[in-house]
Amino acid sequence: MDTPTPKINPKEEQYINAKAYLSEASTDSGYNLYDHLSSCLTKILDERPENVYDIFEDISKDRKRSKFTSNVDTVQDKIDQSTEVALAIVQRKLFARGDGDEADQEPDEDAETPLPNLMELSFFFEQAGIGLNREEVIRVWMALKNLVESHNLQHVRFWGKLFGTEQNYYVAEVEYREGEEDADEEEEEAEEQHEEETTEKDDGEEGEEEAEEDDTPKPEFKPPPVVPREENRTGPNKKTYFVCNDPGKPWTKLPAVTPAQITSARQIKKFLTGRLDAPVVSYPPFPGNESNYLRAQVARISAGTHISPLGFYQFDEEEEEEEEGEGRDNFVENLDFEGLPTKEMTDPILSSWVHHVQHILPQGRCAWWNPVQKNEDDFEEEDEEEEREEPDEPEPEVGPPLLTPLSEDAEVGNMPPWTPKMSSNLIPQFAIACMHSNLWPGAHAFAQGKKFENVYIGTGHKYSQDNYSPPAPPAIQEEFPSGPEITETEDPTPEEEAALRAAKQDAMEAAEEMEDEEEQSDED
Amino acid sequence: NAEYMGTEQKTALQVSLASVKQKNGFRKVYFWGKIMGSNNDYFVVQGVTDDYLKNRKTLYSLNCMEWNNLTVEVTEKLMEVAHKVRGRFKGDPAHEFEIVEQVTKDGEEVEDTMTIKEEERLACVIQMIDCEGAVSPRGAFKLTPEGNVMLNNNFQGQEMTDASKLSSYFHFYPPENLFESALLAKANHDKALDFLTPLEQDIPRGSWSVQQEHSNNLVTLRSLWWPGLVGYNIINQPKFGYVYFGTGEKNQDLPFML
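Just so you know, the sequences run in chain order A and B. Mapping of the first sequence onto this note's numbering: position 333 corresponds to residue 333, and the numbering continues sequentially without gaps. Heads up: take any position in the second sequence, counting from 1, add 1000, and you land on this note's numbering.
In short, the hints are calculated from the structure, not lab data. Ideal Cβ positions, reconstructed from N, Cα and C, are used throughout, including at glycine. Treat the hints loosely; a few may be bogus.
Stated by the list, open to error - On the chain B side, residues computed to face chain A include the following (Cβ under 7 Å):
#1 1038
#2 1153
#3 1154
#4 1155
#5 1209
#6 1253
#7 1257
What the hints assert, rightly or not - Listed next, the in silico EDC-like pairs over lysine to aspartate or glutamate satisfying Cα-Cα at most 20 Å (straight line):
#8 249(A) x 277(A)
#9 1010(B) x 126(A)
#10 249(A) x 1213(B)
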């Protein structure tokens, strides 16, 4: 039977025409508007975003774009995973326990570990409004644990975090057990001595050659003697420092600091980049690369901002009197310390906190070294030295002795050097006392009862109200004063020469005439 | 990161900002940052109504509970004086800073004293930081056909490779000489998205430090002109922002330090 074709409504006809038009494939891309609109509307109805009217164009764009990017996606994903996965692998080691040997021994919970209770300290710092976030602290803690296990250390502290332009530094302050450090140090010293010997030999040879030639004038300039660095465990090298860029990455030991580096670091202001071997380009030239600069800044910050409540440390009274001129540089914990009330610790007079790290003298050391000592190497030139004017004996540099209270600190601009704060004004009974340094912004300390700690989180620069300006270049050396003995006489001009010749000629003729006359008179 | 808010202050913020938002009719309130003075700190928030860029209202507080409108109008003259002030903020809005300068007036050297109140200095510094430090990722905001700047609802966050490039970030501040630059020459330039000054053109080169942190899920941009200004951008999530925790002093030694 024939099914009769239904009469097509004119409206339906329009609809079919419209749909056919919309389904026309575009000549460029091969997609048609009908499918596109239907997919957009499907998406909208599925997701029901807010303010659809405003974002309609964006949805449309997205649908169009999504048809093209499928090829590129896989490549991008691979790149992303590699960097993330690499870092995760590194940090996974942090959470792993020790090797198979150690796993047999049960962990001895009573054993003293040099590891600090970082979580507790970070809780206190959080109250004060400074510090790192929790996850970062856990990672740093694990990294410190690794450090403790790999080296034999007596004491470990999280010193702080320094920002760099490319990467940051996490610094750990470490004290070796007695005798342990010497093993590492001996190797280093042997290398240094070897280098010194070779340079001395060269100098010796040159000296002999110079003594033979006496023609060329020898410059009288002697470079000022290099101030020797202090031994390990004394002065700025009292503690050793390890750094790493990220917790989980290996810890690198920072080299000991020399006084020349400290004096140089005091004159420049540079950002750290995050790479230990980066050169430090500055004026005056810094002797070393970034690891030395970092170590010098760490030493300055420690000397300037490590403070403790008054009475926590005290001088050991059984020690013999030190030599004159050297301050005491050792102290012990006071076992009877009971803690000071928080109100006293936040007193603006700042008398209840003391420095427990020695101040670094302008020379760059903690114990002054007299540079006018006569060395054994200078025997040949002793005579010359006595002939020259002896410079006046430089005055010994003195710094504030150990355990000086903060009230003696110099003011910064017109501000007190430290700002004390209570962590909470609303519950003062349980508040902790915090000190923020104004001279080294980023140095903080807190104390509560018997606990206290210092930390530094910042860029490693000192604060100064005025702009930094590099030191001026040294004055130009003066020339030998010009006097008559070295002034060249001017050559005579041609006219003068001619006049002179003419005059001479006349004189000779006159002389001849005279002689002739004399002869004539003699003959007569 | 480094400085942050003590727990007590954080909770106080949450409590007080809710009422601030309602009182002022803001659409959103942003925590701008904290300027540390030698005695006290200023906490600053900004509220936005319709346009995210223009007409941002700034409020400040000393204790996170009572907020005062910063109604100071920043004129050019005021900005000049603010540029010359040195030293930390005191923490007292009524404090007056005095600057003494040697100026030649009519051929004679005369000392010119200018004073500026701390509140005015605060307003100037906030504007300076906004102008030079406020950052937003490309694509996060768009310019609507009406001329308003709105959050781009379609912004899904950036991939790691995009987010670690300095070229994907803009200054979030009304641009000055935008179309004179070579911006239009870029291939994927989109007038709705690229209406702000890019960070790449900042002088000197290297005044922004881009770092990936937090096991590679977060990218931070640190400004070296304003130490303490940190912009952040969470990978693949439309979460971004900037905050300032610092002393309110520009780092004038930057050219020496790079």
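Hint-by-hint comparison with the structure:
Evaluation of the residue 1038(B) hint against chain A yields a held restraint, the C-beta minimum of about 5 Å falling below 7 Å. A distance limit of 7 Å between C-beta atoms decides the matter here; for residue 1153(B) the minimum to chain A is near 5 Å, and the interface restraint holds. Because the closest C-beta pair between residue 1154(B) and chain A is about 4 Å apart, less than 7 Å, the hint holds. Annotation: residue 1155(B) was flagged as interfacial toward chain A, and the flag is violated, the nearest CB pair being 9 Å apart, outside 7 Å.
The criterion of a C-beta within 7 Å of any C-beta in chain A is met by residue 1209(B), whose closest approach is roughly 4 Å, and the hint holds. With a cut of 7 Å, the hint placing residue 1253(B) at the interface with chain A holds, because the nearest CB-to-CB distance is about 4 Å. With a cut of 7 Å, the hint placing residue 1257(B) at the interface with chain A holds, because the nearest CB-to-CB distance is about 5 Å. A threshold of 20 Å between alpha carbons decides the hint, and for residue 249(A) with residue 277(A) the separation of about 16 Å falls inside it, so the pair holds.
For the hint pairing residue 1010(B) with residue 126(A), the CA-to-CA distance comes to about 11 Å; that is within 20 Å, so the pair holds. The hinted pair formed by residue 249(A) and residue 1213(B) meets the criterion: a straight-line CA distance of about 14 Å does not exceed 20 Å.
Violated hint: 4 only; the structure is consistent with all others.
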